[in-house]
Amino acid sequence: MDSQISIEYGKKPKVDNEQHIIRKNGCMKEMTDVCHDHFRIDKEQSMLIDCQRLLERNEPLDKPDKYGITLLHIAAAKAYSSVVHFLLQHYVNVDQVDDTGATALHLCAKHEQGLIVKFLLDAHANPTICDRFGRKPSEVCALNSFIRALLLKAEIKFEEKRKRAEQSDDSLEEEREETIDSLSDDDNNNDDLQILFKPIPQKPPLIISQILNNDDDNDDDDDIKMMNIFDEKLNYCTNDDISLPYKLPNDDLALLPEISEQSLLYDLEMRYRQGQIYTYIGDILIALNPFDHLPIYGRKISELYKNTESIVSLPSHIYGCAERLYRNMLREKTSQCVVISGLSGSGKTESCKYIVQHILSRSLSVEISLNMKINQVNPLMEAFGNAKTYINNNSSRFGKYLEIHFSPTGNVLGAHLKEYLLEKSRVISHNNDEGNFHIFYYLFAGLSHDTLVRNGLRIPSEHRYMSHNIELAQLDSARQVEYRKKFQMVKQSLISIGFSIEDVQSIFTILSAILHIGDIAFIPHGSNDGVRVKNNSTIDKIAELLQLSSMEFSSALVTELQVTRGEQIFRERNIIQASECRDAFAKALYGRLFSWIVNGINSYLQPVEDER
Numbered sequence: 116m117d118s119q120i121s122i123e124y125g126k127k128p129k130v131d132n133e134q135h136i137i138r139k140n141g142c143m144k145e146m147t148d149v150c151h152d153h154f155r156i157d158k159e160q161s162m163l164i165d166c167q168r169l170l171e172r173n174e175p176l177d178k179p180d181k182y183g184i185t186l187l188h189i190a191a192a193k194a195y196s197s198v199v200h201f202l203l204q205h206y207v208n209v210d211q212v213d214d215t216g217a218t219a220l221h222l223c224a225k226h227e228q229g230l231i232v233k234f235l236l237d238a239h240a241n242p243t244i245c246d247r248f249g250r251k252p253s254e255v256c257a258l259n260s261f262i263r264a265l266l267l268k269a270e271i272k273f274e275e276k277r278k279r280a281e282q283s284d285d286s287l288e289e290e291r292e293e294t295i296d297s298l299s300d301d302d303n304n305n306d307d308l309q310i311l312f313k314p315i316p317q318k319p320p321l322i323i324s325q326i327l328n329n330d331d332d333n334d335d336d337d338d339i340k341m342m343n344i345f346d347e348k349l350n351y352c353t354n355d356d357i358s359l360p361y362k363l364p365n366d367d368l369a370l371l372p373e374i375s376e377q378s379l380l381y382d383l384e385m386r387y388r389q390g391q392i393y394t395y396i397g398d399i400l401i402a403l404n405p406f407d408h409l410p411i412y413g414r415k416i417s418e419l420y421k422n423t424e425s426i427v428s429l430p431s432h433i434y435g436c437a438e439r440l441y442r443n444m445l446r447e448k449t450s451q452c453v454v455i456s457g458l459s460g461s462g463k464t465e466s467c468k469y470i471v472q473h474i475l476s477r478s479l480s481v482e483i484s485l486n487m488k489i490n491q492v493n494p495l496m497e498a499f500g501n502a503k504t505y506i507n508n509n510s511s512r513f514g515k516y517l518e519i520h521f522s523p524t525g526n527v528l529g530a531h532l533k534e535y536l537l538e539k540s541r542v543i544s545h546n547n548d549e550g551n552f553h554i555f556y557y558l559f560a561g562l563s564h565d566t567l568v569r570n571g572l573r574i575p576s577e578h579r580y581m582s583h584n585i586e587l588a589q590l591d592s593a594r595q596v597e598y599r600k601k602f603q604m605v606k607q608s609l610i611s612i613g614f615s616i617e618d619v620q621s622i623f624t625i626l627s628a629i630l631h632i633g634d635i636a637f638i639p640h641g642s643n644d645g646v647r648v649k650n651n652s653t654i655d656k657i658a659e660l661l662q663l664s665s666m667e668f669s670s671a672l673v674t675e676l677q678v679t680r681g682e683q684i685f686r687e688r689n690i691i692q693a694s695e696c697r698d699a700f701a702k703a704l705y706g707r708l709f710s711w712i713v714n715g716i717n718s719y720l721q722p723v724e725d726e727r
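Whatever position you read off the sequence shown (first residue = 1), add 115 for this note's numbering.
By construction, these hints were calculated from the structure, which means they are not laboratory data.
Among the clues, some could well be false.
[Said to hold, decoys possible] In silico PhoX-like cross-links for lysine-lysine, where the CA-CA straight-line distance does not exceed 20 Å:
(1) K503 x K600
(2) K503 x K448
(3) K515 x K503
(4) K181 x K233
(5) K600 x K656
(6) K448 x K468
[Claimed, not checked] Listed next, with one range per pair, are the computed distances between beta-carbon atoms:
(7) A280 x R388: 30 to 36 Å
(8) F273 x E659: 51 to 57 Å
(9) I684 x Q589: 44 to 50 Å
(10) G706 x M666: 40 to 46 Å
The structure displayed is predicted, hence computed values, not measured ones.
Ideal Cβ placement from N, Cα and C applies to all residues, glycine included.
Working from the sequences, and respecting the hints, build out all of it.
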């Protein structure tokens, strides 16, 4: 079968079991020739629903058919990312082989499904398994060099882990034998026996930046310094390393003699292999996320595009796109707009940062440090609006629209931010492999011990809203250092933009209260399914932080007030209704806090009168 999936339809079974689902979704004929995306999406949604029904009936999700093919094989080959995600969440065997010895990794590599390859590798799929023809997944994707490179890199890492594990086992066995020999020599001297162990060496923590004072527990913000628009300490390359790749002849794919999907993909791949992640197609700039830190950003590169008369003489770049916007605005005297779109993890947030970075460095401002304030909006909103998801460690969970106002001469007058569709539900619940909003983790790492005690905060995993992802909630030394730095950067950004120290402290107090709200528990009370609060001490702490009445707050959670014809009627909530009320309050409180921060940013960055 050469790792192809081609299953003939048999007689349809009476129940929609796993074998029928495999048959229904397994035909791979003309898979690459499907013309309508909506048809593929409908098929993907149908398969996802079928898998969910299997799970509801407690039927296995990784049971193979007579050819050894599983649901994961089908979903991986057809790039049904939602189905693959669902199956991996429920711990199917990621290395299951069919009768040709092919794993799901073989199939998605063969059909060039790069995102699925990444999914499977993140789920610890074995990239060294060979099919019956002796081929690894990296050897069945001869045409796609990016996927091949990804798999080869995974093979190297897998072999390194295997060797380290073997060496660890060997060393443990040697130590065990030495210990036994030592014990046998000293049988008569038991008083001198000691249990010896070697501590596991820890890697030095990765410190992202050294902007702030090393005394992180000090809440005194008087010595906080302004960040430069191009802060070299935030770049991952030194000035000597910064350089642009050579300009290639096919910098604008709109000028190709023949434009087709195949020719565009081929040229994009060739450019990517030569270090060119940016490519123009007319006025559109395509950016391929390298998932690495490239030495093509910073003040020197920005000035290169700023001081060049003809931008087209330089390689395609996000700074070039921003420079064209700025020049068009001055030349045409009309507003310009950038729409940044792409899948989660494609680099939209970073692209927005670079565009704002270049435009602000390009122009002067009529107010001292106004450019600096605007530049700090993006990282500040990331802390409160971004979170770790399954495929992106810094995924934006809201939409934003940023306006920067200029004078006719090109000076910055101010800015205005609009936020849309904040995912407030993430505060109370998220998948086990995802995270809450970043700011909650920064809170535990950055607040001083006295402040944590005063706010009643314990370790993150002991708070219900933080306990969905235990691994993320357990702040190891490296995360502690990283989050503490980011916490101080959030404080710095808030104060630099214009928030008072009292405002900043109030923000952290409200965040602490939200975590306590999630810890409220209810127990049955009375004879009508009514409930009362189990842990009144938590209610008291929330009331203290939010300056509420404990009694009124507790009553609002467990009872509901209805007004009918001017008459007030109190109804008791059951345990489900009380829990929903508690979580709704937490979501509303975070949403109002987020909007209040945005409104504060707008009030401090509102356009000022142009001083002509």
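Proposed proximity, K503 with K515 (alpha carbon, max 20 Å):
Holds. K515 to K503 sits at ~18 Å (cutoff 20 Å).
Can you let me know if the beta-carbon spacing of I684 and Q589 is within 44 to 50 Å?
47 Å, holds
Is K600 within 20 Å of K656, Cα to Cα?
28 Å, violated
Hint says 51 to 57 Å; check whether the CB-CB distance for F273 and E659 agrees.
Since the Cβ atoms of F273 and E659 sit about 52 Å apart, the hinted range of 51 to 57 Å holds.
Honestly, do G706 and M666 meet the 40 to 46 Å range at C-beta?
26 Å, violated
Within 20 Å, alpha carbon to alpha carbon, are K503 and K448?
Not satisfied, since the Cα-Cα distance of roughly 41 Å exceeds 20 Å.
Would you mind confirming whether the straight-line C-alpha gap from K503 to K600 stays at or under 20 Å?
Measuring from Cα to Cα gives roughly 18 Å; hence the hint holds.
Holds or violated: K181 and K233, Cα atoms, limit 20 Å.
28 Å, violated
Is the hinted pair K448 and K468 satisfied, with a Cα-Cα distance of at most 20 Å?
24 Å, violated
Is 30 to 36 Å right for how far apart the beta carbons of A280 and R388 are?
33 Å, holds
Going through the hint list in order, the structure does not satisfy hints 2, 4, 5, 6 and 10.
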